[in-house]
Amino acid sequence: MKINHNRPTVAVHKFTSCDGCQLAILNLGEALLTLTELVEIKQFAEAGILDEHATVDIAFIEGSISTPREMAQVKKIREQSHYLIAMGACATSGGIQALRNMSDGQAWIDAIYASPQHIESLTTSTPLSDHVRIDLELWGCPVSSHQITATVRALLFGVLPKIEHDKVCMACKRSQAVCVMVSRGEPCMGPVTNTGCGALCPQFGRGCYACYGPAENPNPNALASRFEGLGMSASEISRNFLFINNNAPVFQTIGQKYSERRDE
Amino acid sequence: MTQPLSPQFLPRDQLQRLLDGLHQAGHKTYGPQLCDGAIVYAPLNTVEELPQGVEDHHAPGSYRLKENGSQRWFDWVSTPQGIKPLLFKPREILWRATRDATGAIHFKNPENSTEKVAIIGARACDLAALALQDRHFLSIEQTPDPFYAERRRHLFIIAINCTRAADTCFCVSCGDGPKCEHGFDIAMTEIEHGFIIVSGSLQGKQFIKPLALNSADPAQLDEAAQREANATQQQRAVPSQNMRETLFNALDHPQWDDIASRCLSCGNCTAVCPSCFCYSEQAAPQLDGNSTEQLREWDSCFTQGHSYMHGITLRNDTRLRYRQWLTHKFASWHDQQGRSGCTGCGRCISWCPAGIDIIEELTILSDNRGVADDA
Ligand code: SF4
Ligand code: SF4
Ligand code: SF4
Ligand code: SF4
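Going down the list, the sequences are from chains A and B. Per the numbering used here, the first sequence starts with residue 1, numbered consecutively. Per the numbering used here, the second sequence starts with residue 1, numbered consecutively.
Mixed in with the good hints, there may be bad ones.
[As the list claims (entries may be wrong)] Once the Cα atoms are required to be at most 20 Å apart in a straight line, the calculated SDA-like pairs of lysine to any residue come out as:
id	chain 1	residue 1	chain 2	residue 2
1	A	K162	B	R296
2	A	K162	B	F137
3	A	K162	B	R262
4	B	K28	B	R135
5	B	K209	B	G21
6	B	K209	B	F156
7	B	K28	B	A42
8	B	K89	A	E186
9	B	K66	A	E186
10	A	K162	B	P210
11	A	K162	B	E115
12	A	K257	B	K66
13	A	K162	B	K28
14	A	K76	A	V132
15	B	K205	B	K89
[As the list claims (entries may be wrong)] Output of the computed footprint for chain B on chain A, the stretches with three or more beta carbons under 8 Å from beta carbons of chain B:
id	region
16	170-179
17	218-224
[Said to hold, decoys possible] Pairwise CB distance ranges, derived in the manner of DEER restraints:
id	chain 1	residue 1	chain 2	residue 2	range
18	B	G103	A	E228	53 to 63 Å
19	A	P116	B	R91	35 to 45 Å
20	B	S139	A	H165	39 to 49 Å
21	B	G305	A	G205	43 to 53 Å
Calculated from the structure, these hints are not laboratory results. For every residue, glycine included, the Cβ atom is placed at its ideal position computed from N, Cα and C.
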């Protein structure tokens, strides 16, 4: 696949999400001006540019699929877009809202809303890849501005961007942060999480939340046993895995195992 | 060769004068300081910033500080990182390239740091590891690394002889400590009221001379010797200084699978190891596509990229990655540098988030009955 135009077109779409990933684009600062010179932005609601039916070279989608309308819309966007990029935890794994997949969604709707008949919502929140073919996934909650510019730059060069495969621990040691697990016995998801943030949390003295999703060659069982060794309860351990990327299979399997242990 | 000065006594309240001398000569000085629950090297201006009466306690996967009420500044044993990050930077730009309006590409060197750096606190295991890094980065068979070489030339080392050992230390069995024998400009042993100080280079001598110190008296030397002897009491030891044959004969040992079930493949061990030298490079182009930087970063045999070749990851599981770490460090290092790559600092044991103990693993791996039992 190659982009042929001199000034390729870009769309940024939003489904079920918090807008944080769109902000990662808006917060580019000066680079945003460079970006608008390099590409023509056709749709980007957060920036007030609206043409959701535009056919584009590169489409970014923020958010998970959690309504029937989104389910139909993502298929249309797939047809309209040359490259389709899932941006952020919601789009890549279903997001924090995928926690609903593990409970009775309808019961919650009935309990919370005064007129539940007006709520049109699926019982699940799922990643885009469950519904359409995705060309690239940018993990992160939110993605970093650097991921966006590096992706656009690579596609403009006619190559695929370099996807980060190192664990958060590698970035943590490059930044010379002191390991919070070893020095304080605090749980940290760094050893099973892909980096992308540059080990932001450990540099501020707290454990990683696993925003960037499961790393390659992860060993969640070993990390969970380590958490047990640090004195964490089964429910605390399950909550560490069932968080932002709870619906990512690597985290879900281990998280549910510990959550069932809690129920015993 | 210069004649080393006979051991002199530096009263505790005179250490600042030594630091002042280094600062006046233009050295940026790094020394041990309390930070985030650990003692780490950071820029040091005054002795007030040194950790007074603080001990570090190590166990597999655990590090804790404890106050002991003493006046001493060097009662700790090992920092999370040794000298390595000062010379082999965790991230560094190797070159930049820009494309001008005609499309021509221009390459530029990054600004090389010529900053003079002094470190106070390095231990015998750190000095031994520094010699291994020098052998790698300054090797004349390969082209010496200009970035490392430049910083190495500007490094001034004040070593400290250990007066206690952590539970994870095993430098004695490696033959690399605890006494600092060479590779320093100044070495000191901390005693109750100050330091026994010796020079190890002409430059070191030049910084000690102006302090106009007295020779250490026999009682002070005796106290220093006794304190140094404490550090030789170590709980761990490598099974042998040369494990090359043992490990290469144990490539199919079932223990590798057992380790793989516990190891996180996180790379902490290689990052804190003062002798590990692996790095990766990547291009970091600016968004406008007209300039780029070539970035070098610490890598590890625990990453996927380390054994990635033409679409294949050769070591695609933790068993093979851990085996690479241990067999490089304790076996093939002998082929590369004529000795093991381990100086017994114990960092990979303390700072392994999974608490994996290389000594325990090496011991099991050298017991080939394990192979027979499971076969
Ligand atoms: S603080 Fe977390 S990310 Fe950093 S080394 Fe420890 S476990 Fe890894
Ligand atoms: S292998 Fe471990 S004990 Fe040996 S030098 Fe490296 S970090 Fe220190
Ligand atoms: S291969 Fe592994 S053990 Fe050897 S130097 Fe590189 S990171 Fe260290
Ligand atoms: S041995 Fe420990 S520090 Fe090394 S990769 Fe495995 S878990 Fe990480």
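Enumerate the violated hints, using their earlier numbering and listing them in ascending order. Violated: hints 2, 3, 4, 8, 10, 11, 12, 13, 15, 19, 20 and 21.
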